[in-house]
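Enquirer: Sequence:
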Amino acid sequence: MNTITVVGSGVMGKGIAYTCAVSGFEVYLNDINQEIVDKAKNDIYSLLEGSLQKGFISEEQYGMAKDRLYFETDLEAAAKNADLVIEAVLEKIELKIDIFKKLDSICSPETILATNTSTMSPTEIGAQTSRPDKVVAMHFFNPVHKMKLIEIIRGLETSDDTVRLVKEVGEKLKKETVEVNEFPGFVTSRMNCLIGNEAMNMLMEGVASAEDIDKALKLGLNHPMGPLALADLVGLDTRLRNMEYLYQTLGEKYRPCPLLIKYVKAGRLGKKSGSGFYQYS
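For the sequence shown, numbering that gives the first Met the number 0 gives the first residue as 0, with consecutive numbering after it.
Because the hints were derived from the structure by calculation, they are not lab data.
It cannot be assumed that every hint is accurate.
Claimed, not checked - As a list, the in silico DSS-like pairs of lysine-lysine whose alpha-carbon atoms are at most 30 angstroms apart:
no.: 1; residue 1: Lys252; residue 2: Lys271
no.: 2; residue 1: Lys65; residue 2: Lys174
no.: 3; residue 1: Lys217; residue 2: Lys261
no.: 4; residue 1: Lys174; residue 2: Lys145
no.: 5; residue 1: Lys53; residue 2: Lys65
no.: 6; residue 1: Lys38; residue 2: Lys214
no.: 7; residue 1: Lys217; residue 2: Lys38
no.: 8; residue 1: Lys214; residue 2: Lys171
no.: 9; residue 1: Lys65; residue 2: Lys38
no.: 10; residue 1: Lys53; residue 2: Lys100
no.: 11; residue 1: Lys217; residue 2: Lys270
no.: 12; residue 1: Lys38; residue 2: Lys53
no.: 13; residue 1: Lys217; residue 2: Lys173
no.: 14; residue 1: Lys147; residue 2: Lys252
no.: 15; residue 1: Lys65; residue 2: Lys271
no.: 16; residue 1: Lys271; residue 2: Lys145
no.: 17; residue 1: Lys270; residue 2: Lys174
no.: 18; residue 1: Lys100; residue 2: Lys217
no.: 19; residue 1: Lys101; residue 2: Lys91
no.: 20; residue 1: Lys147; residue 2: Lys271
no.: 21; residue 1: Lys261; residue 2: Lys173
no.: 22; residue 1: Lys174; residue 2: Lys214
no.: 23; residue 1: Lys38; residue 2: Lys145
no.: 24; residue 1: Lys40; residue 2: Lys53
no.: 25; residue 1: Lys38; residue 2: Lys171
no.: 26; residue 1: Lys214; residue 2: Lys252
Keep in mind the model is a prediction, meaning the values are calculated, not measured.
Between the sequences and the hints, there should be enough to build the whole structure, so can you do that?
Expert: Structure, rendered in C-alpha cells:
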C-alpha cells in the first residue's frame with residue numbers, strides 16, 4: 000500500500016488526506032470542481048503549517064507530505080493508480096453507489112475500495128461492483144489527525160485479506176482499529192446517535208440548558224465532549240441523515256428529535272454554519 004486516493008474534500012476527506020500524507024503515503028485528494036479542491040489544498044497546507052509550528056510533525060514529515068499530496072478534479076486521474084481508495088462524501092447511499100461504480104471501472108482489480116460511512120452498508124455498496132470482496136468500510140472520526148480509532152466494517156463478501164490490509168494501513172496511520180461485522184450504525188454511531196438524540200430531547204423538554212447537559216456528561220460520565228457540542232461539530236444535517244437512516248433500519252428508538260429537524264430546516268447546522276446548539280463566531 001503506497002498510494003491512497005481520497006474522494007471528497009469535506010472535513011473528513013481533508014482530515015484523512017492530511018493524516019495519510021504525514022504518515023508517508025502518496026495521496027490524491029479528489030473533488031468535483033477546482034474551487035473546492037483549491038480550498039481543501041489551502042486548508043490542508045494551513046494544518047501542516049500549524050502542526051509543524053506546534054511540534055506535532057517534523058520538518059521531514061512536513062516536506063514529505065507537501066511533496067506527496069496531489070489535488071485533482073478528474074476522478075480517473077486521481078484513482079487510476081491507487082492501491083486504496085477511501086470515499087468520504089455525503090451520507091447518501093445513491094451518491095456512494097454511483098462513485099463506487101465509477102471507481103470499479105477506473106481502478107485496478109487489486110485496488111481496495113473503502114467507504115468512510117458512519118452508518119451505511121458496505122455490503123450494499125460492494126454489491127454494485129465487480130469486487131465485493133475488496134469493498135470495506137473504514138470509519139474515521141473527526142478530527143481525523145487527533146482521533147485514535149478507525150472502525151473497520153466487514154461487509155458480507157469482504158475478504159480476510161482486505162481486512163488485513165486495511166488494518167495494516169491503520170497501523171501506519173498510528174490508529175487503533177476495531178473490526179465490526181456489518182449492522183446499521185456499527186458500534187460507535189449507534190451509541191453516539193442515541194446519546195445525542197436523548198440530549199436533544201432533554202433540551203427540547205426543558206430538562207436543562209445545552210451547556211448544563213453537556214457539562215453533566217463531561218464531568219459526570221467522563222465524556223471528552225458533550226453530545227450537543229459534538230453534534231454541532233459533526234454537522235446537524237449530517238447527524239439528521241444518520242438518524243433518519245438508523246430510524247429506517249433499526250426502528251422507533253432512533254426517531255430523530257423534532258428539535259434537530261427544526262434546526263436543520265432553519266439552516267442551523269452547527270459549527271460550519273455559525274450556529275447550532277451553540278453560537279460560533
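Enquirer: Determine for every hint whether it applies to the structure shown.
Expert: Status of each hint after checking the structure:
1. Between Lys252 and Lys271, the direct Cα distance comes to roughly 28 angstroms. Compliance with the 30 angstroms bound is thereby established for this hinted pair.
2. With a C-alpha separation of about 21 angstroms, the suggested pairing of Lys65 with Lys174 holds against the 30 angstroms cut-off.
3. At most 30 angstroms may separate the alpha-carbon atoms for a hinted pair to count; Lys217 and Lys261 meet this at roughly 26 angstroms.
4. With a C-alpha separation of about 10 angstroms, the suggested pairing of Lys174 with Lys145 holds against the 30 angstroms cut-off.
5. Under the criterion of a C-alpha separation no larger than 30 angstroms, the hint pairing Lys53 with Lys65 is consistent with the structure, at around 17 angstroms.
6. Between Lys38 and Lys214 the alpha-carbon distance is near 34 angstroms, which puts this suggested pair outside the 30 angstroms criterion.
7. A distance of roughly 34 angstroms separates the Cα atoms of Lys217 and Lys38; the hinted pair therefore is violated under the 30 angstroms criterion.
8. About 35 angstroms separates the Cα atoms of Lys214 and Lys171, which puts this hinted pair outside 30 angstroms; it is violated.
9. This hinted pair checks out: Lys65 and Lys38 have alpha carbons roughly 15 angstroms apart, not beyond 30 angstroms.
10. Pair hint Lys53 plus Lys100 does not hold up; C-alpha atoms about 41 angstroms apart against a cutoff of 30 angstroms.
11. A distance of roughly 19 angstroms separates the Cα atoms of Lys217 and Lys270; the hinted pair therefore holds under the 30 angstroms criterion.
12. Straight-line distance between C-alpha atoms of Lys38 and Lys53 comes to about 23 angstroms, which keeps the hinted pair within the 30 angstroms bound.
13. At roughly 26 angstroms between alpha-carbon atoms, Lys217 and Lys173 fall within 30 angstroms of each other, so this suggested pair holds.
14. The hinted pair formed by Lys147 and Lys252 meets the criterion: a straight-line CA distance of about 29 angstroms does not exceed 30 angstroms.
15. A threshold of 30 angstroms between alpha carbons decides the hint, and for Lys65 with Lys271 the separation of about 26 angstroms falls inside it, so the pair holds.
16. Distance check on the hinted pair: Lys271 and Lys145 sit about 19 angstroms apart at the alpha-carbon level, within 30 angstroms; holds.
17. Annotation: proposed proximity of Lys270 to Lys174 holds, straight-line Cα distance about 26 angstroms (limit 30 angstroms).
18. Taking the CA atoms of Lys100 and Lys217, the gap is near 43 angstroms; set against the 30 angstroms cutoff, the hint is violated.
19. Among the hinted pairs, Lys101 with Lys91 is consistent with the structure: their alpha-carbon atoms are about 16 angstroms apart, no more than 30 angstroms.
20. A distance of roughly 23 angstroms separates the Cα atoms of Lys147 and Lys271; the hinted pair therefore holds under the 30 angstroms criterion.
21. At most 30 angstroms may separate the alpha-carbon atoms for a hinted pair to count; Lys261 and Lys173 exceed this at roughly 39 angstroms.
22. Between Lys174 and Lys214 the CA atoms are separated by roughly 28 angstroms; this keeps the pair inside 30 angstroms, and the hint holds.
23. A C-alpha spacing of about 21 angstroms is found between Lys38 and Lys145, which places the hinted pair at or below 30 angstroms, so the restraint holds.
24. At most 30 angstroms may separate the alpha-carbon atoms for a hinted pair to count; Lys40 and Lys53 meet this at roughly 20 angstroms.
25. Only pairs whose Cα atoms come within 30 angstroms are accepted, and Lys38 paired with Lys171 is accepted, the gap being roughly 27 angstroms.
26. Restraint check: the Cα-Cα separation between Lys214 and Lys252 comes to about 24 angstroms, which is no more than 30 angstroms; the hinted pair holds.
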